[in-house]
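Visitor: Each chain, written out:
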Amino acid sequence: MKCTLEGSNARVLAKAIQSLSKVGKELFIEADGQGLQMRTINATQSAVGSIRFSRAMFDTFQMPPSGDCYCKIAMKSCLGVFRNMKQVEHCELSVVNNSTKFQVKLRCKLETTKQALLSIVDEQNITSAVPTDQSVNCIRGDFKLFMEISNSFIASEEELTLEAKPDSLSAKNYIEGARVNDKFMRSQLKLKPSEFSHYQVAQEAVITFCIKEFRAFLLFAEALNAEMSIEFDDAGSPFLLKIKKHAEIECILILSTLSPDDVSFSEDYCQREIREADLPSVAQKRKSSTPGPTVQQKRRLAENTTVISDEDASVFQFREHRPPRPSEAPSVQPARLLADGDTVDVVEEEADEEALLLAVSEAAQASQAYPPNSTEVYFFETEEAPPTVLPPEKINDAEEEDESIPQSPEREQRHKLRTIFSRCFQNTYVPREPSPNSQVYAPNSDTED
Amino acid sequence: MLTQSQYDDYKFVCRLDHIKTFHAAIKSICFSDFGTLQASEEGLLITVEQGKSIQATIFISPSFFAEYHIQDSQSFSIKINVLAECLSLFGLADCGIKMLYKGEGSPLLILLEPHDDEQVSTECAIKTTNVEEPMEYELDSNSSSLNTIFMRGPDMSNIFHELDKAAEEYELTISPLKPHFKIATLGVMQAESSVEVAKSSDMIILFNCHATTVAQYKSQQIRLTNKALQVATKVAIKTDASGLLEMHFMMQSDAQEEMYVRFFITPLLDIS
Amino acid sequence: MKFRAKMQDVLYMREFQAIVATLAKLAKDCVMILAQERMHFIVNEDHSSTSSPLVWASIAAKDYFPEYKMSPARPDHEFIVLAMSASHLSRSLAVLRSGSTSSVHSCKLKLKMIQFPCISVIASVVSPSSSESREVVHDVPATIIPSSDWAAYVLPKVPRAEIVLGLPSLRLMRSLIDKLKNIAPSLVFHGSAAGELNLVSESDMATITTRFSRLMPYPATKESQQVASCEEASCSVDSRKASAFFGALQLPNEEIIIGIDREHCIYLQLDIRNNVVLHSILPAVCI
Chain P
1 MKCTLEGSNA RVLAKAIQSL SKVGKELFIE ADGQGLQMRT INATQSAVGS
51 IRFSRAMFDT FQMPPSGDCY CKIAMKSCLG VFRNMKQVEH CELSVVNNST
101 KFQVKLRCKL ETTKQALLSI VDEQNITSAV PTDQSVNCIR GDFKLFMEIS
151 NSFIASEEEL TLEAKPDSLS AKNYIEGARV NDKFMRSQLK LKPSEFSHYQ
201 VAQEAVITFC IKEFRAFLLF AEALNAEMSI EFDDAGSPFL LKIKKHAEIE
251 CILILSTLSP DDVSFSEDYC QREIREADLP SVAQKRKSST PGPTVQQKRR
301 LAENTTVISD EDASVFQFRE HRPPRPSEAP SVQPARLLAD GDTVDVVEEE
351 ADEEALLLAV SEAAQASQAY PPNSTEVYFF ETEEAPPTVL PPEKINDAEE
401 EDESIPQSPE REQRHKLRTI FSRCFQNTYV PREPSPNSQV YAPNSDTED
Chain A
1 MLTQSQYDDY KFVCRLDHIK TFHAAIKSIC FSDFGTLQAS EEGLLITVEQ
51 GKSIQATIFI SPSFFAEYHI QDSQSFSIKI NVLAECLSLF GLADCGIKML
101 YKGEGSPLLI LLEPHDDEQV STECAIKTTN VEEPMEYELD SNSSSLNTIF
151 MRGPDMSNIF HELDKAAEEY ELTISPLKPH FKIATLGVMQ AESSVEVAKS
201 SDMIILFNCH ATTVAQYKSQ QIRLTNKALQ VATKVAIKTD ASGLLEMHFM
251 MQSDAQEEMY VRFFITPLLD IS
Chain C
1 MKFRAKMQDV LYMREFQAIV ATLAKLAKDC VMILAQERMH FIVNEDHSST
51 SSPLVWASIA AKDYFPEYKM SPARPDHEFI VLAMSASHLS RSLAVLRSGS
101 TSSVHSCKLK LKMIQFPCIS VIASVVSPSS SESREVVHDV PATIIPSSDW
151 AAYVLPKVPR AEIVLGLPSL RLMRSLIDKL KNIAPSLVFH GSAAGELNLV
201 SESDMATITT RFSRLMPYPA TKESQQVASC EEASCSVDSR KASAFFGALQ
251 LPNEEIIIGI DREHCIYLQL DIRNNVVLHS ILPAVCI
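Residue numbers (UniProt numbering), protein chains in the order written: chain P, 1 to 449; chain A, 1 to 272; chain C, 1 to 287.
Quick caveat, the hints were computed from the structure, so don't treat them as lab data.
A few of these clues could be false.
Below, in silico cross-link-like pairs of lysine to aspartate or glutamate (EDC-like), each with a Cα-Cα straight-line distance of 20 angstroms or less [what the hints assert, rightly or not]:
hint, chain 1, residue 1, chain 2, residue 2
1, P, 190, C, 135
2, P, 86, A, 94
3, C, 179, A, 94
4, P, 144, C, 132
5, P, 25, A, 192
6, P, 76, A, 192
Just so you have them, the derived chain C footprint on chain P, three or more residues with Cβ under 8 angstroms [unchecked claim]:
hint, stretch
7, 141-147
8, 183-192
Since we're looking at a predicted model, the values are computed, not measured.
The beta carbon of each residue, even a glycine, is placed where N, CA and C say it ideally should be.
So that you can see chain P by itself, here it is in the shape it has in the complex:
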């Protein structure tokens, strides 16, 4: 594979890599008859980003005789090459040294040439099987508008919640009715549909997703000075962010969203004015760890996005194949979908026996309708997914996703586990930090105290 592009287009490519680098640690590059596509997946596998450049972006575009071409390289080393593009006049990308290196040549102003050889970590690709054109709700607007939403929340914020109604959109850093830490500042921004260029919310939805990857792509929309659209159905199903610039650049970011089952709600957590007349003394402060009103319905809290080890329940799945290459370039499909497994696999000439063996298993897999030569990411509707059991090592991940959600009820499903603090696992139990003030808002009903 070898392609060349002129300076200003190379700068766009560099911006794309910079945005993708804020999502994942590895960059998957794929060249096919349609152009070049770059993808990445984040560490918790809750986000897949893809940016496609059409052939029209390139001055020359040569495919290998064997058909399409893909590789995985380390994001960090790639980022270093594309860091400073101001001086670049011409850029050449190629796969060299028997497909072991990805070569970047930058011809710069003042007769300066920069060259980098990046090791190809793997001939591997990822695809996502999420349908990307069927969302009920679609909101489109200038990147500046989304920038203002993003900037209303601090950099360290992890999640963003959108409350979409036919006549209003609220962006929040919390879920209405869900309990938050008593040091946590709730923030919200209320927007009107008229601020967007397209606003279609057919089905009211409250969706929560990671803001970091959202911001990464927003940055690219800014670089392109483009409109951006977000598409989604309801909580728990994927959230899509799309950017299109003319016909040349198409981006899509797929984010998994928090399932409503993972959040505990309470009337107690809604806003009201303080009416209590006077305050008890401070001494009582320490004791107020007793549960408040016990209205919670604590349910399963599998953070769907982080589950990967259980095949049946996971949202994204990885399936790795050492790739023998297909003999022909893939046809016109814009994205390689799940059903796209009908390509014929032919072992490349230089491939060794091992690859041949793999090809056999590959063919077997292909018959099960998995696309060859790629690591696939499947997306299941959460409702259809069987109950999830979190593998123990994943619990921490889930905690990181949302620290305010207690993990304990999850363990109930692991029948072999001896319960020690059994009361903690009852679904009426609400762990609470000591109340920040000294008032007791409900009479103490716990006889132990």
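Please arrange chains A and C on chain P, whose structure you already have, making use of the hints.
Guide: Just chains A and C, lined up with the frame of chain P:
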């Protein structure tokens, strides 16, 4: 303020109307604890060393100063970062500066007067210690392998700034044939990179090379030149078959007077 | 217990934001004391461990808030006293900042109960990309300090001083003190009734003396026992605390008043406007 007659007490007095270039030069060599000041009729030298592998020297000719008085030759060492700290006391505000030295054992006095506020002035007394003789490095100017390149400072700065900071070593190649001038980064996982500048490039003012020289340097030492590079208008690079690297950074004040910072960096031993 | 207040004037909103931003640079937490006529903020009231000085601000509430309603928990109470994160409060007001591209119609503060008490900051904002106004709401979690504990949150008193000087060039002072903290841990303020202030920083390696001359002398608020030496006073303070105070200032004011109470403390006062004052006390340290 001191009058002319009071200078008699002092072995060395100099004055600058604008602190900016001097401050930038001092900051660019602040990579070690102590610096040595050597003042003579020829001018002022300030030298900083780290180990026996890198040395930086500021050269300031008497004409650079608004006033310059010297009795005999004076040399002493001071904590260089204390000097840099004193010069930065008023931040970005432009100051006039006067330095006075009474002789062995006395502190170096520095008087700072911000131009935009006559009601404020500062006097710093910096303790001096006995001088430590700096190392002597030299390139053989008669060597047939002596290669010299003069480059425009800002362009050179761009190139150095973009070098992969993860690299442990940089390899410099200067050659009469292509690639003329090349810097390669060595020792980075999963990536090798290099940058080449053709001798016909507009950033190269002079390219004088007869034989190819190749040498490796610790990237960390090359990066110690960054601050000097950032403010340099012109840079000279000299090396020969021994690999010793000599770099000159020319700094110009607003009044167009010149000041030089010279670096010597020793190459890594060729183990092969 | 109720509190609500509303600002509408752009300049006042920015000034209020600048005061809170200054406090947020000085400490993690602040105490907000709401009285009928005034609103006070205190940071570092227990000025022991931190490298930040005790600072308090007193605001004539009606100046900033044309609407200002405060009803204490009990009719015989004078105040509502709240503790909260200074940075949260500052962030909630960030949209009022002078550099911000959005214009703000109004900003309301309300005491609310959600899961815990909060000060809700509700700003009505018009962004450059849209003609309609949007509501931006931040709920700053607050702790209500019960009246039994109020004794610990009394507003500090302005100390008396032997020498009081008005210092005009805050800009140079800020940069100077920031650098001096790297030279030595303590910093001597030496003032004279003739309008001179010397800042002396001394370490093993260097002695740095900076002279500010022709300053405006104010009448002393404390007569020294030894009448003769009343012409001069000096006090050594923690240079990090001094630097923290000057570094935190977000207000555009140029003049600051420095009072020196010999061997006791340095007192700093920034008059933002009539009835709106920022104060700080830097206690003396042994050299």
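Visitor: The structure should be examined with respect to each hint, and the outcome stated for every one.
Guide: Going down the list of hints, with the structure as the test:
1. 190(P) / 135(C): 5 angstroms, holds
2. 86(P) / 94(A): 32 angstroms, violated
3. 179(C) / 94(A): With Cα atoms ~16 angstroms apart, residue 179(C) and residue 94(A) stay inside 20 angstroms; holds.
4. 144(P) / 132(C): Holds, at roughly 15 angstroms.
5. 25(P) / 192(A): 19 angstroms, holds
6. 76(P) / 192(A): 13 angstroms, holds
7. 141-147: holds (count 3)
8. 183-192: holds (count 10)
In summary, the structure is inconsistent with hint 2 from the numbered list given earlier, while agreeing with all the others.
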